[in-house]
Amino acid sequence: MLVRLLRVISLASVVFGTDILRLSYTDDKKDAIPLGTFEIDNTPGRNVSVTTVDVPNVQVSGHYCLNAQIEGKLDMPCFSYMKLETPLRFDLIVDLNDDNEVKQVLLSYNETNNAIVATARYPVVGPSAPVAKLKKRTKTYADKKASKNKDGSTAQFEEDEETKELSWFQKNWKMLLVGLLIYNLVAGSIKKQQDTGSGQKAD
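Residues -17 to -1, 1 to 186 (mature numbering (1 follows the signal peptide of the UniProt record, and there is no 0)) make up the sequence shown, in order.
All the pointers check out, no bait thrown in.
List time: in silico BS3-like cross-link candidates among lysine-lysine, alpha-carbon distance up to 25 Å:
1) K66 - K12
2) K66 - K86
3) K86 - K56
4) K119 - K154
5) K56 - K13
6) K13 - K66
7) K154 - K118
If you are wondering where the hints come from, they were derived from the structure by calculation, not from laboratory data.
Please build the complete structure, drawing on both the sequences and the hints.
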């Protein structure tokens, strides 16, 4: 009777645009034991719905490989290794893409269920970080040392920050110091020459 029902469903799926998802688990003998049959209605123009066709009365306790198959479209042997225990309290989540095609299935424990409850899940656009303007900044040796990462690399870009406006003296104090030293050297040598010149004239 069950085989005839599955054949009728398979024929209907070709006509009405539905897929038959077969869920099974693998025991120590590597035999695939049916865990449930689910109908995925992906009729164009409507949201996909998943309904339970058949869940066999299995007595199971232990860790097993789970398998999922949609003939000609999806083959996921041992997509999860997890503990199964009767009564089966799980959510069967069918992940779809934007074209309503099944990309993967997940089995998640849900203590509020008394069976395997199937649902379809569409992709959701996640949050995106705000765009921040970055600017290149030349760093001093102390800045690079302070911002070194663990791998030894340094950040080349950082968020735009308010830079402190420096005065003309703060920007050019090195040049002033060098000019002052040169002036002292030149003035000292000229004074020395004048002293030696005046000493010679006195003789």
